[in-house]
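> Hey, can you work out the whole structure from these sequences and the hints?
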Amino acid sequence: MENFNQLSYMVGIRSANNSVSLLGTCFLLPKEGTFVTCHHVIGDNTDNIVIVPCKINKEGYQDTSDIQCNIVDVSIRDINTVNDIVILSLKGTMKSSVELGSLDDILVGDSVEILGYPHCVNDPYMHVLTYQFAIVGAKIIKESQSLRYKYVVLNIQTRPGQSGSLVYCERVNKIIGMLIGGYAVNCGISLSGINPSELNQTSFCISAEYIKEML
Amino acid sequence: MEIEQLDLDEWLKELKPFQIKTIKSLVQKFGEEEAAKRWIESTGPINTATFGGTPSNGKRKNYYKALKSELHKFICVQEDYIDERKKFFNQGELINAAVSAKIAIVIAPVIGLSVSIVLPAVILLLHTISKISINAYCSIHIDDNEK
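From first to last, the protein sequence lines stand for chains B and X. When we follow this note's numbering, the leftmost residue of the first sequence carries the number 1, and every step to the right adds one. When we follow this note's numbering, the leftmost residue of the second sequence carries the number 1, and every step to the right adds one.
Incorrect hints may have been included.
In silico DMTMM-like pairs for lysine to aspartate or glutamate, Cα to Cα no more than 25 Å straight-line [unchecked claim]:
1) X:Lys24 to X:Glu41
2) X:Lys65 to B:Asp78
3) X:Lys21 to B:Asp105
4) X:Lys65 to B:Asp47
5) B:Lys31 to B:Asp47
6) X:Lys59 to B:Glu143
7) X:Lys24 to B:Glu170
8) X:Lys59 to B:Asp47
9) X:Lys21 to B:Asp104
10) X:Lys16 to B:Asp110
11) B:Lys31 to X:Glu41
12) B:Lys142 to B:Asp110
13) X:Lys16 to B:Asp44
14) B:Lys142 to X:Glu41
15) X:Lys102 to B:Asp47
16) X:Lys24 to B:Glu213
Honestly, the hints are just simulated from the structure, not real lab data.
The following block contains the structure:
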């Protein structure tokens with residue numbers, strides 16, 4: 001996907017001393033000045049939400065030691081608490097040229113690309129836009145508050161920071177969904193803050209059609 | 001002060017299409033008050049490890065209780081929200097769907113949630129209250145925080 005660094009951003013909260021706590025990933029939408037991420041990424045924050053672009057030099061490298069960043073203030077436009085989607089907005093005309101699709105267009109076995117910032121929430125030096133490649137393992141319906149939503153299982157392990165990543169399918173040339181998280185049950189054990197049951201290769205991507213209906 | 005008595009569909013016109021779709025589905029499954037609670041308290045799909053945001057210690061504020069408490073103050077307690085009531089009701093004291101949006105804008109920062117979350121719940125709760133008179137509501141409900 002061309003110009004992927006212009007689509008995918010980090011989301012953070014600006015502190016009083018102008019530092020930023022990174023919360024996860026968001027991406028630009030094909031409607032002017034709008035971005036999408038997961039509701040759990042911004043949590044109950046209502047103010048001081050910012051997006052942070054990645055910095056890639058001419059040779060294509062990202063300097064992990066450089067923790068100076070540019071930030072852009074955004075506000076919450078809409079939230080769907082049930083399917084965990086939030087639309088952020090800023091004053092401006094930037095928009096994505098990549099259309100939003102639906103998981104209806106996707107087949108089990110399709111290859112998809114994931115763009116996000118793994119580990120950015122745990123380590124400020126890992127503000128690294130990372131490309132991943134995964135196979136769609138299953139098309140599933142998942143419930144939230146007894147309402148039913150379309151997802152796919154991506155056969156890849158994902159980690160904190162990646163919620164809100166865009167999921168693109170070259171075959172249909174559309175963003176077909178957003179990474180929400182991975183499978184886990186609460187096993188009652190925490191190892192250095194990690195629930196061991198979340199360490200598996202079942203990641204969940206929600207259909208982009210639910211993002212589209214919020215625009 | 002009274003609440004306009006209209007079908008829920010009329011009240012929901014104040015919302016965006018995606019909100020109407022979700023709220024109607026919740027109401028169909030759980031009824032209006034429980035739908036408001038679930039809308040406010042939902043944290044997304046079950047059995048899913050979320051990979052972003054601030055780590056939670058599992059103790060989220062009881063936003064639903066806070067919302068009901070503020071709505072109770074707005075409707076029943078004369079000493080609270082005096083200026084807002086004056087502003088909203090300069091042409092009579094009828095709470096309708098348009099006023100519900102203004103109420104949501106006032107209450108949202110008090111309880112610490114986005115208006116986008118608060119408005120659908122305010123509409124559902126006001127519609128529930130509209131089925132009885134405000135006097136009856138205020139006489140049988142006291143602020144949850146005072147219980």
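> Taking 25 Å as the top limit, are the C-alpha atoms of lysine 16 (chain X) and aspartate 44 (chain B) close enough?
Holds, at roughly 21 Å.
> Keeping to a limit of 25 Å between CA atoms, is the pair of lysine 142 (chain B) and aspartate 110 (chain B) held or broken?
Answer holds: lysine 142 (chain B) to aspartate 110 (chain B) is near 20 Å, not above 25 Å.
> Does lysine 31 (chain B) pair with aspartate 47 (chain B) here, judged by a C-alpha cut-off of 25 Å?
holds (22 Å)
> Quick one, are lysine 65 (chain X) and aspartate 47 (chain B) close enough, alpha carbons at most 25 Å?
holds (22 Å)
> Going straight from one Cα to the other, do lysine 21 (chain X) and aspartate 105 (chain B) come out at no more than 25 Å?
Between lysine 21 (chain X) and aspartate 105 (chain B) the Cα gap is close to 23 Å, so the pair holds against 25 Å.
> Within 25 Å, alpha carbon to alpha carbon, are lysine 59 (chain X) and glutamate 143 (chain B)?
holds (23 Å)
> If you draw a straight line from the CA of lysine 24 (chain X) to the CA of glutamate 213 (chain B), is it 25 Å or shorter?
Cα-Cα ~15 Å, so holds.
> Does the structure keep lysine 31 (chain B) and glutamate 41 (chain X) at a Cα separation of 25 Å or less?
At roughly 29 Å apart (the allowed maximum being 25 Å), glutamate 41 (chain X) and lysine 31 (chain B) break the hint.
> For the pair we were handed, lysine 59 (chain X) and aspartate 47 (chain B), check the Cα-Cα distance against 25 Å.
Satisfied, since the Cα-Cα distance of roughly 21 Å is no more than 25 Å.
> Below or equal to 25 Å on CA atoms is what counts here, so check lysine 24 (chain X) against glutamate 170 (chain B).
violated (36 Å)
> For the pair supplied as a hint, lysine 65 (chain X) and aspartate 78 (chain B), is the alpha-carbon distance within the 25 Å limit?
Holds. Lysine 65 (chain X) to aspartate 78 (chain B) sits at ~22 Å (cutoff 25 Å).
> Next pair to validate is lysine 102 (chain X) with aspartate 47 (chain B); report whether the Cα-Cα distance is within 25 Å.
holds (19 Å)
The structure fails to meet hints 7, 10, 11 from the earlier list, while all remaining hints are met.
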